[in-house]
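K.L.:
The hints should help you fit chain S onto chain P, whose structure is shown.
As given, the protein sequences belong to chains P and S, one line each in that order.
Going by my numbering, the first residue of the first sequence is number 1, and it counts up by one from there.
Going by my numbering, the first residue of the second sequence is number 455, and it counts up by one from there.
Honestly, the hints are just simulated from the structure, not real lab data.
Please note: incorrect hints may appear among the correct ones.
Pairwise CB distance ranges, derived in the manner of DEER restraints [unchecked claim]: (1) S:Val-770 - P:Asn-200: 47 to 57 Å; (2) P:His-263 - S:Val-493: 50 to 60 Å; (3) S:Ser-535 - P:Gly-100: 29 to 39 Å; (4) S:Ile-695 - P:Pro-235: 41 to 51 Å; (5) S:Pro-537 - P:Ser-204: 32 to 42 Å; (6) S:Ala-764 - P:Arg-133: 52 to 62 Å; (7) P:Arg-423 - S:His-771: 33 to 43 Å; (8) P:Asn-80 - S:Phe-500: 44 to 54 Å; (9) P:Gly-399 - S:Glu-520: 34 to 44 Å; (10) P:Asn-200 - S:His-771: 50 to 60 Å.
The beta carbon of each residue, even a glycine, is placed where N, CA and C say it ideally should be.
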Amino acid sequence: MRTTITAWRLRRGMTLVSAASVLLLTACSAAAGGSGDGDGPAAAPNKDDKISLVVYSKFTNREYPVVSAGLNRLKAKFPNIEIKHEGSQDDDKLTQSIRGGNPPDVAISFFTDNLGAWCSNGSFVDLKPYIDRDKVDLNVIPEAVRSYTEFRGKRCAMPMLADVYGFFYNKDMFAAAGLSAPPKNTTELFDHAKRLTQLNPDGSIRVAGFLPTMPFYNNQAQIWAPNWDARWLGPDGKSNLAASAEWKEMFTFQKKLIDFYGHDRLAKFKAGLGDEYSEDHAFHRGKIAMMFDGEYRTAFLKEQAPNVKYGTASPPVSDSKPNRYGGAFTTGTIIAIPKGAKNPGAAWELIKQMSLDTDTLVELGNGLKNVPSTMAALRDPRLEVDENYRPFLTMFDGGKLLPNPTTPIGDAHLKAVNDFAERWQAGREPDLEAGLRKVDAQINDELAQKGGGR
Amino acid sequence: MTATVPRTRVNAAARPARKVPRRDRRRRLTVLAFMAPAVLGFVVFFGYPLLATVYYSFTRYDLVNEPEWIGLGNYIRMFTSEPLVAVAAWNTLWLVVVLTLTRVLFALGVALVIARLKSGVGLIRTLCYLPALAPPAAATLAFVFMFNPEFGPVNRFLRLLGIDGGLWFNDPAMSKPALTLLVLWGSGELMIIILAALLDVPVSQYEAAELDGAGPIRRFRHVTLPSISPVLLFGVVNSIIFALQFFTQAIVAGGVASGSADVAGNTKYIGSPENSTLTYPVWLYVQGFRYFNMGYAAAMAVLLFVVSFAFTAVLVHQLRRASSAEENA
Numbered sequence: 001m002r003t004t005i006t007a008w009r010l011r012r013g014m015t016l017v018s019a020a021s022v023l024l025l026t027a028c029s030a031a032a033g034g035s036g037d038g039d040g041p042a043a044a045p046n047k048d049d050k051i052s053l054v055v056y057s058k059f060t061n062r063e064y065p066v067v068s069a070g071l072n073r074l075k076a077k078f079p080n081i082e083i084k085h086e087g088s089q090d091d092d093k094l095t096q097s098i099r100g101g102n103p104p105d106v107a108i109s110f111f112t113d114n115l116g117a118w119c120s121n122g123s124f125v126d127l128k129p130y131i132d133r134d135k136v137d138l139n140v141i142p143e144a145v146r147s148y149t150e151f152r153g154k155r156c157a158m159p160m161l162a163d164v165y166g167f168f169y170n171k172d173m174f175a176a177a178g179l180s181a182p183p184k185n186t187t188e189l190f191d192h193a194k195r196l197t198q199l200n201p202d203g204s205i206r207v208a209g210f211l212p213t214m215p216f217y218n219n220q221a222q223i224w225a226p227n228w229d230a231r232w233l234g235p236d237g238k239s240n241l242a243a244s245a246e247w248k249e250m251f252t253f254q255k256k257l258i259d260f261y262g263h264d265r266l267a268k269f270k271a272g273l274g275d276e277y278s279e280d281h282a283f284h285r286g287k288i289a290m291m292f293d294g295e296y297r298t299a300f301l302k303e304q305a306p307n308v309k310y311g312t313a314s315p316p317v318s319d320s321k322p323n324r325y326g327g328a329f330t331t332g333t334i335i336a337i338p339k340g341a342k343n344p345g346a347a348w349e350l351i352k353q354m355s356l357d358t359d360t361l362v363e364l365g366n367g368l369k370n371v372p373s374t375m376a377a378l379r380d381p382r383l384e385v386d387e388n389y390r391p392f393l394t395m396f397d398g399g400k401l402l403p404n405p406t407t408p409i410g411d412a413h414l415k416a417v418n419d420f421a422e423r424w425q426a427g428r429e430p431d432l433e434a435g436l437r438k439v440d441a442q443i444n445d446e447l448a449q450k451g452g453g454r
Numbered sequence: 455m456t457a458t459v460p461r462t463r464v465n466a467a468a469r470p471a472r473k474v475p476r477r478d479r480r481r482r483l484t485v486l487a488f489m490a491p492a493v494l495g496f497v498v499f500f501g502y503p504l505l506a507t508v509y510y511s512f513t514r515y516d517l518v519n520e521p522e523w524i525g526l527g528n529y530i531r532m533f534t535s536e537p538l539v540a541v542a543a544w545n546t547l548w549l550v551v552v553l554t555l556t557r558v559l560f561a562l563g564v565a566l567v568i569a570r571l572k573s574g575v576g577l578i579r580t581l582c583y584l585p586a587l588a589p590p591a592a593a594t595l596a597f598v599f600m601f602n603p604e605f606g607p608v609n610r611f612l613r614l615l616g617i618d619g620g621l622w623f624n625d626p627a628m629s630k631p632a633l634t635l636l637v638l639w640g641s642g643e644l645m646i647i648i649l650a651a652l653l654d655v656p657v658s659q660y661e662a663a664e665l666d667g668a669g670p671i672r673r674f675r676h677v678t679l680p681s682i683s684p685v686l687l688f689g690v691v692n693s694i695i696f697a698l699q700f701f702t703q704a705i706v707a708g709g710v711a712s713g714s715a716d717v718a719g720n721t722k723y724i725g726s727p728e729n730s731t732l733t734y735p736v737w738l739y740v741q742g743f744r745y746f747n748m749g750y751a752a753a754m755a756v757l758l759f760v761v762s763f764a765f766t767a768v769l770v771h772q773l774r775r776a777s778s779a780e781e782n783a
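If we strip away everything but chain P, and leave its shape as in the complex, we get:
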């Protein structure tokens, strides 16, 4: 009898557990479904509407008040709108807020590489209905910048400011080495690097003419790639670096520089260099003579190392691609309305102002030393341009910029290639093509997870 009762209890227990499981799984499914934002654009606020707009950005320290001032210019049009600018909010926190159903009204991100992932899964609102309604002419923004702010024709962000990655060189070191002009191609870059490198008596590196280690500072595959005209994805949307002569040439050149210094010697030298965004940055300290970096470095140098005499130029390009000279890698800050934003209509007004208003862009460009993302702001006489900033504006205006492709896999492709570069430069990938094939497989595997980028 006891067994019978036990069996009955067991069955009852199993039934309850099953029912609970089904309930829980149903709850999971329900929790997963987000509220779809409507297709039509939200109405613009009335002039006197009292609205509080929450803005997430990653700006801190010197840059935070500059951006806050730019955001608050909206008050000229909407005096009762209050802007709550929350700085130090990275992309992880932003994603979390969207997922949790409590996003800011406006999101500003430095990492354009994440745009494809956000755009493909609907984390950001499609801005096309707003652009159509307000008859915004996007042609005021250069084509390269437009391309990194949209995903497969879906515009879910606007560019706020752009970054252009040029070439920095130390003028004093150039003079001491008898060099008069920055290198224009890889042959000259290699020659300059040799002549500018200084060794300690024990053979260790005191000053590296050019530090080729990847990824380190802005010495990264995606920043080198445009100088070789190396493209990430083929026409089929898949990675095929192994078949690209440009990628092979780029990595062969990098290895040549690595071998000149010696990998272990470079590794030890690199380990002693300061953080990228601190005043101990190697270029500030005169530990490296040449480097690739963004235009914003001019502001860091002005503030953190005002005594360094340096020049800027277009980055040197592959010997086989001389017509690429004057081009560069570009990326930038993006601004968007997250899914679930409480005041999308007012958010769009703020986005329009931060991405298209010339006065605001000039003010931000002067304060942050980033390149304004519209041609009107770029050519505005109020934009403070010194001799080191000018080359970046020239590159921006030159029509040869190349951004990263916007993919649904975030920066997974960048990690795959930079991981490969680490192994390659250490000599742990003896076969370049075979190594690149593995990179292709890894990137394509990530792309496949998104259903080919649905």
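P.N.:
Same frame as chain P, but now just chain S:
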């Protein structure tokens, strides 16, 4: 007798009415009321997430849209086409083995030394415990600085002795040992627990063993170890779980060593150098929250749960067997 009762389905109507005495019923309700907070907590914070994770592991889920059922797709990907999960699993396995052994032995060694001290015990115990209070990110930043190959005090000191200290966090072969040193430095919590167990061993047992002619090693082997074995078992299980969940120190050390402490939102530096600090939980996090492959991350989490459970179960079983064999001997 009960085993012979035939397993027949009992009709509910035919079932004899069982009248539970009122006192028993009240007692059961009281027990249930006392247990309710714990049961609720278990269901909400363990049961539901566990079931949800298992469910998501069979889906393609990007955290924003509804999950799409793909069966075993994530598990197949894990074992066939995704290369970094194996690298991350190997790094974590390395940490599980090395970190567990060294952490328990180091904590035991320090505790044994402190237990024998005659004076200054309080101060030294406090000094040994203090690093455990340091926030992991701050401790890692300090450690990466201390072990900087060029200007770090560790290599400077080693250079005085004529030793080339190596690249530590900048060398894929040395980054995990460097992380292990960081963990050992912060293992004061386990040291305090083991010290408490050591001080709890009855002195009379040592005296009896000494009268029987047992030397220090035999006293340690036959008196100390059996007495503190449950605590050591806890230390081992705790260290395994700690190693399996190793996250903050790995992600910070990799970022700082790569020249940029800015790893938030930026996956390129994670795992540096050469993915030697890419642990399983770090890769799970990247897949789930950076690449929005939450279904795949859930599959990784399920595997981690199964492995953790298996590790712990086997270990507890083995140590219990060893312990009972010791008692019988």
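K.L.:
Does the Cβ pair Asn-80 (chain P), Phe-500 (chain S) satisfy 44 to 54 Å?
P.N.:
Given a distance of about 48 Å, which is inside 44 to 54 Å, the answer is holds.
K.L.:
Take a look at whether the Cβ-Cβ distance between His-263 (chain P) and Val-493 (chain S) falls inside 50 to 60 Å.
P.N.:
holds (58 Å)
K.L.:
State, for the Cβ atoms of Val-770 (chain S) and Asn-200 (chain P), whether the hinted interval 47 to 57 Å holds or is violated.
P.N.:
Given range 47 to 57 Å: holds, Cβ gap about 55 Å.
K.L.:
Take the C-beta atom of Ala-764 (chain S) and the C-beta atom of Arg-133 (chain P), compute their distance, and say whether it sits inside 52 to 62 Å.
P.N.:
Holds, at about 59 Å.
K.L.:
Assuming the hint says 29 to 39 Å, is it satisfied by the Cβ distance from Ser-535 (chain S) to Gly-100 (chain P) or not?
P.N.:
holds (32 Å)
K.L.:
Measuring from beta carbon to beta carbon, are Gly-399 (chain P) and Glu-520 (chain S) in 34 to 44 Å?
P.N.:
holds (43 Å)
K.L.:
Starting from the range 33 to 43 Å, see whether the pair Arg-423 (chain P) and His-771 (chain S) falls in it by beta-carbon distance.
P.N.:
For Arg-423 (chain P) and His-771 (chain S) the Cβ distance comes to about 41 Å; the hint holds.
K.L.:
Is it true that Ile-695 (chain S) and Pro-235 (chain P) lie within 41 to 51 Å of each other by Cβ?
P.N.:
Cβ of Ile-695 (chain S) to Cβ of Pro-235 (chain P): about 49 Å, so the range 41 to 51 Å holds.
K.L.:
Range hint 32 to 42 Å: satisfied by the CB atoms of Pro-537 (chain S) and Ser-204 (chain P)?
P.N.:
holds (35 Å)
K.L.:
Please check whether Asn-200 (chain P) and His-771 (chain S) have a Cβ separation lying inside 50 to 60 Å.
P.N.:
For His-771 (chain S) against Asn-200 (chain P), whose Cβ atoms are near 58 Å apart, the range 50 to 60 Å holds.
Of the hints listed earlier, there is not a single one the structure fails to meet.
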